[in-house]
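Trainee: If you want the building blocks of each chain, they are given just below.
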Amino acid sequence: MQPILQVKDLQVSFQVRGGEVKAVRGVNFEVGKGEAVAIVGESGSGKSVTAQTIMRLIPSPPSIIKSGEIIFQGNDLTRKTDKEMEAIRGKDIGMIFQDPMTSLNPTIKVGKQITEGLIKHQNLSAKEAKEQGIEMLKLVGIPNAESRFNQYPHEFSGGMRQRVMIAIALACRPSLLIADEPTTALDVTIQAQILNVMKDMQKKFGTSIILITHDLGVVADMCDRVVVMYAGKVVETGTKWEIFQNPQHPYTRGLLRSMPRLDQKKNEKLIPIIGTPPDLIKPPAGCGFCARCDEAMRICEQVDPEVTQLSDTHMSRCWLLHPMAQEVKSS
Amino acid sequence: MVRFILSKFFYMIVSLFILISVTFVLMKAIPGNPFMSEKAVPPSIQQHLMAKYGLDKPLYEQYLKYLGNLARGDFGISMKMKDQGVSDLIWGSFGPSLRLGIIAIVVSIVVGIGLGMLAALYHRKLIDNVAMILAVIGMSVPSFVLASLLQFYLAQKAGIFKVMGLNGPLDYVLPVMALSAQPIAFIARLARSSMLEVLHSEYIKTAKAKGLAWPIIMWRHVIRNGIMPVVTYVGPMTANIITGSVVIEQIFGIGGLGKIFVSSISNRDYTLIMGVTIFYGIILMVARLLTDIAYAFIDPRIKLSKGKEG
Ligand SMILES: Nc1ncnc2c1ncn2[C@@H]1O[C@H](COP(=O)(O)OP(=O)(O)OP(=O)(O)O)[C@@H](O)[C@H]1O
Ligand code: SF4
Ligand SMILES: [Mg+2]
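Chains as they are written, first to last, in UniProt numbering: chain X, 1 to 331; chain A, 1 to 310.
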């Protein structure tokens, strides 16, 4: 599959008083055309920082891209000027956020918030933009789109606002949509509706999606591949089935055990991962998961595990997968 | 919206009525009367004067008569200033106070918002620190102290401005500075913190994610929402400037409403005191009413939450 986005060895830090928070420490993944990729991982693992670095939404300072490339449609986004990024944001990459209650401007009519981007990127007249804006509202399933167009965000429910956010993000038909926990703040029934809207849009426009989530049900429902992040690194990636049925990294396994699933047996208990992630100002030299890992070996403490390629699509970073460890195990 | 304004207007009339009644009662409760003075006035003359001003009638009658006159815009006659009408006295001295007050309000809003915005944009930088130190000083120095300092250094010593009077445009500078310092400081802090809040809000991220240019984001999304809380301060600020002007007019020898007010008190000029008090009250209430209406206009959440009820 032709990748539309390739993130290569991305490292992002924040300069703070106590030193340098190494929030993203070498992240690699790619997103194919029309593909939906999930990024999962505990709070603080660097998911949002990765996403917002792609969009260049984090002000710099305090954030710095230490190294790496973000190849989007053949161009390295890290080399773009701010002005060039403006032309890409909203037009080629759209983004929606976690909390629909705060991500719309409360003092501007939703219609105008949708057409703003259209007018900027597609040089539409106000009238054409309005027609397209109403069309977008209809597409994301907002009833009475014409009259809703002239209402303010506080007149919408949370679910409806998130639909508006999707309409804003997709108004210019971007080829990539980044959704940072788009359903976390919503009721369960509404969550399903929002996911359906996203799926519809993906089908209709062929949009690629990066979906950041804590919810493995959401992953199973709509993603093709999964990127598991831990302490600023990708510890495992694979297709949805490789990750769910054959997880190789102890952290991935722990994550799966700690989250409820539909196919779970009745007597199966949820087991949380004990401990806390490492301090990102002084990250450990070896595996970041070492202090919490039941299977940790001596080498784990000292040397960061290499990538093991398990299949064309499946890779993991854990010493257990190293040929030598495998030998020890089998002997 | 009409409903909203009408209800606010209704509350304003009620508060005005309460203000008038309380002022009336307090005036009557003060010991002494306007015709008591250092020189002994013969009881017969006192009696005569009391009758002339209706002060010999029962209280409720005086009260009703006063209300009736007020409704017609008649504040009665001054008891000390050679039979001048209170309304005439107020209007005659209101001009300079009004000009001074309006200039001070405009200067406070413009300078305050400007400083606050700069501080927010250069958060934790030099400009921010300087602006906030100035703001703390501005808030803590009382206006009359500042007035005297300005008078001494800029007028007396440097001779740039005149010490007293209000004749040319230059004469407005010092009194306006003295009156505006506190409101400027307050508005600057208010505008700064609300701008910072807006700058860090999620919807600014959304605006950025749309690819809007920074100046457009600033203008359309940040400034507008950032100065909204300042509007709520316009009412209290008007109060601050009015009370300030009572003292400031004395210091700069300006023959405005504040000066009349002070002399009416030392003269125990009942009708004038009440007239000016009520007049100030009306200004404050109108300022509040306008603030509420303005806020409802710029913040759709207020307008509509009221609209839904009706
Ligand atoms: N502006 C900032 N300054 C300093 N550190 C930051 C900043 N933003 C994020 N970080 C740090 O970067 C790390 C990764 O944060 P990030 O928001 O990407 O986590 P996340 O995986 O999205 O978690 P969550 O699931 O809670 O959203 C965290 O340790 C956080 O403390
Ligand atoms: S590398 Fe070692 S510590 Fe890290 S996950 Fe694998 S076994 Fe555990
Ligand atoms: Mg996040």
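Treat the hints with caution; some may be incorrect.
Mimicking DSS-like on lysine-lysine, the simulated pairs with C-alpha atoms at most 30 Å apart in a straight line are [said to hold, decoys possible]:
no.: 1; chain 1: X; residue 1: Lys109; chain 2: X; residue 2: Lys138
no.: 2; chain 1: X; residue 1: Lys66; chain 2: X; residue 2: Lys204
no.: 3; chain 1: X; residue 1: Lys91; chain 2: A; residue 2: Lys205
no.: 4; chain 1: X; residue 1: Lys199; chain 2: A; residue 2: Lys8
no.: 5; chain 1: A; residue 1: Lys125; chain 2: X; residue 2: Lys282
no.: 6; chain 1: X; residue 1: Lys127; chain 2: A; residue 2: Lys205
no.: 7; chain 1: X; residue 1: Lys80; chain 2: A; residue 2: Lys125
no.: 8; chain 1: A; residue 1: Lys205; chain 2: X; residue 2: Lys204
no.: 9; chain 1: X; residue 1: Lys83; chain 2: A; residue 2: Lys8
no.: 10; chain 1: A; residue 1: Lys125; chain 2: X; residue 2: Lys66
no.: 11; chain 1: X; residue 1: Lys112; chain 2: A; residue 2: Lys125
no.: 12; chain 1: X; residue 1: Lys109; chain 2: A; residue 2: Lys125
no.: 13; chain 1: X; residue 1: Lys109; chain 2: A; residue 2: Lys8
no.: 14; chain 1: X; residue 1: Lys83; chain 2: A; residue 2: Lys259
no.: 15; chain 1: A; residue 1: Lys125; chain 2: X; residue 2: Lys130
no.: 16; chain 1: X; residue 1: Lys8; chain 2: X; residue 2: Lys203
By construction, these hints were calculated from the structure, which means they are not laboratory data.
Trainee: Does each hint fit the structure? Answer for all of them.
Mentor: How the hints compare with the structure:
A threshold of 30 Å between alpha carbons decides the hint, and for Lys109 (chain X) with Lys138 (chain X) the separation of about 16 Å falls inside it, so the pair holds. About 37 Å separates the Cα atoms of Lys66 (chain X) and Lys204 (chain X), which puts this hinted pair outside 30 Å; it is violated. Of the pairs offered as hints, the one joining Lys91 (chain X) and Lys205 (chain A) holds, with about 15 Å between alpha carbons and a cut-off of 30 Å not exceeded. Note on Lys199 (chain X) and Lys8 (chain A): the hinted pairing is violated, with a Cα-Cα distance of about 49 Å set against a maximum of 30 Å.
For the hint pairing Lys125 (chain A) with Lys282 (chain X), the CA-to-CA distance comes to about 28 Å; that is within 30 Å, so the pair holds. Using a Cα cut-off of 30 Å, the hinted pair Lys127 (chain X) and Lys205 (chain A) holds, with the two alpha carbons roughly 26 Å apart. Pair hint Lys80 (chain X) plus Lys125 (chain A) holds up; C-alpha atoms about 27 Å apart against a cutoff of 30 Å. Straight-line distance between C-alpha atoms of Lys205 (chain A) and Lys204 (chain X) comes to about 26 Å, which keeps the hinted pair within the 30 Å bound.
For a cut-off of 30 Å, the pair hint linking Lys83 (chain X) to Lys8 (chain A) is broken: about 48 Å separates their Cα positions. Taken as a hint, the Lys125 (chain A) and Lys66 (chain X) pair is honoured in the structure, with Cα atoms around 25 Å apart against an allowance of 30 Å. A threshold of 30 Å between alpha carbons decides the hint, and for Lys112 (chain X) with Lys125 (chain A) the separation of about 34 Å lies outside it, so the pair is violated. Between the alpha carbons of Lys109 (chain X) and Lys125 (chain A) the distance comes to roughly 34 Å, so the proposed pair goes past 30 Å and is violated.
A distance of roughly 26 Å separates the Cα atoms of Lys109 (chain X) and Lys8 (chain A); the hinted pair therefore holds under the 30 Å criterion. Under the criterion of a C-alpha separation no larger than 30 Å, the hint pairing Lys83 (chain X) with Lys259 (chain A) is inconsistent with the structure, at around 59 Å. As the CA atoms of Lys125 (chain A) and Lys130 (chain X) are separated by approximately 41 Å, the hinted pair breaks the 30 Å bound. Taking the CA atoms of Lys8 (chain X) and Lys203 (chain X), the gap is near 28 Å; set against the 30 Å cutoff, the hint holds.
The earlier numbered hints that this structure contradicts are 2, 4, 9, 11, 12, 14, 15.
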